[in-house]
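Please build the complete structure, drawing on both the sequences and the hints.
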Amino acid sequence: MKKRAQNEQEAIQQMLLHMQVQVLEAEYTQCWPEWKEFDYTIDYNKLYWIVDGEGWLKIGDKELYPRPGQLILMPAGTKQSYSTISDRPFLKYWCHFTATVGDSEVFSWLDVPLVYDGFDPELMTGVFCELVQARHQKTVSSRLKEKSAVLDILSRILDRTTPAIHPDKTWEMQRLAIVQQYIQDHLHEEITLEQMAATIHLHPNYFIKYFKRHFGTTPQKYLSIKRMEQAKILLRTSTLSIKEIADATGFESANYFSKTFRQRVGYSPSEYRANM
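Numbering of the sequence shown is given in full-length UniProt numbering, commencing with residue 1 and proceeding in unit increments.
All clues given are correct.
Taking lysine-lysine pairs in the DSBU-like style, the calculated list, with each CA pair at most 30 Å apart, reads:
{"#": "1", "residue 1": "K169", "residue 2": "K209"}
{"#": "2", "residue 1": "K169", "residue 2": "K147"}
{"#": "3", "residue 1": "K62", "residue 2": "K169"}
{"#": "4", "residue 1": "K226", "residue 2": "K209"}
{"#": "5", "residue 1": "K145", "residue 2": "K221"}
{"#": "6", "residue 1": "K147", "residue 2": "K221"}
No lab work stands behind these hints: they were computed from the structure.
Shown next, in the form of structure tokens:
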């Protein structure tokens with residue numbers, strides 16, 4: 001059970017590491033009295049920051065009555081409904097965005113709370129204000145600013161919860177964990193695409209597409225990343241020689257390891273060890 005939880009958290013870390021965020025819309029809106037729609041499903045995520053007023057939301061099978069000062073996350077792929085419930089409809093900041101790894105929407109994989117309390121109202125309002133302002137601008141830098149604002153909000157959400165894999169995705173995650181564990185256990189060896197594909201009984205050509213869809217990168221690049229991560233750990237925590245670390249992480253020679261490490265990290269292995 002502990003190993004499974006570790007694999008799950010590792011998979012989530014990789015998912016977030018490769019996540020691509022795109023802002024579709026962001027506004028500050030006073031909802032109208034006729035504001036309502038029922039039982040629809042969308043392929044993007046929503047964020048609501050409630051400033052004032054009342055309303056009703058249904059996300060999946062959960063009915064919510066958000067209050068001012070609450071942040072609401074409405075994940076892609078869930079059935080949703082909303083309506084007013086009084087003559088004081090919501091005044092809210094809102095954002096529609098995608099958060100993808102390959103072809104997968106991250107928040108369709110993660111089991112996280114839908115409602116968040118306790119944020120500093122002035123701070124959160126400021127972040128959403130920056131997001132809306134950036135969305136309305138047409139400069140190149142504004143595209144980075146709007147993504148930065150959404151990532152800021154998501155990081156604050158994840159600070160308050162430990163995300164898990166959604167129960168509907170457990171079986172799929174177990175398959176991906178098999179591949180991850182195989183790679184981790186054989187970093188010191190030459191690992192072929194065929195060997196990785198065989199762990200979950202897929203043809204190599206399909207495995208490449210399958211892997212990239214879920215991890216946002218190719219199997220070969222993922223393998224290279226994991227070897228570099230392990231090399232960093234060994235440089236920081238062991239007294240192994242550079243050659244021994246190269247052998248332990250599957251590099252063909254110490255020279256090739258040193259050259260690759262410098263290209264990826266900006267330091268030689270010896271410099272990295274000394275700095276750490």
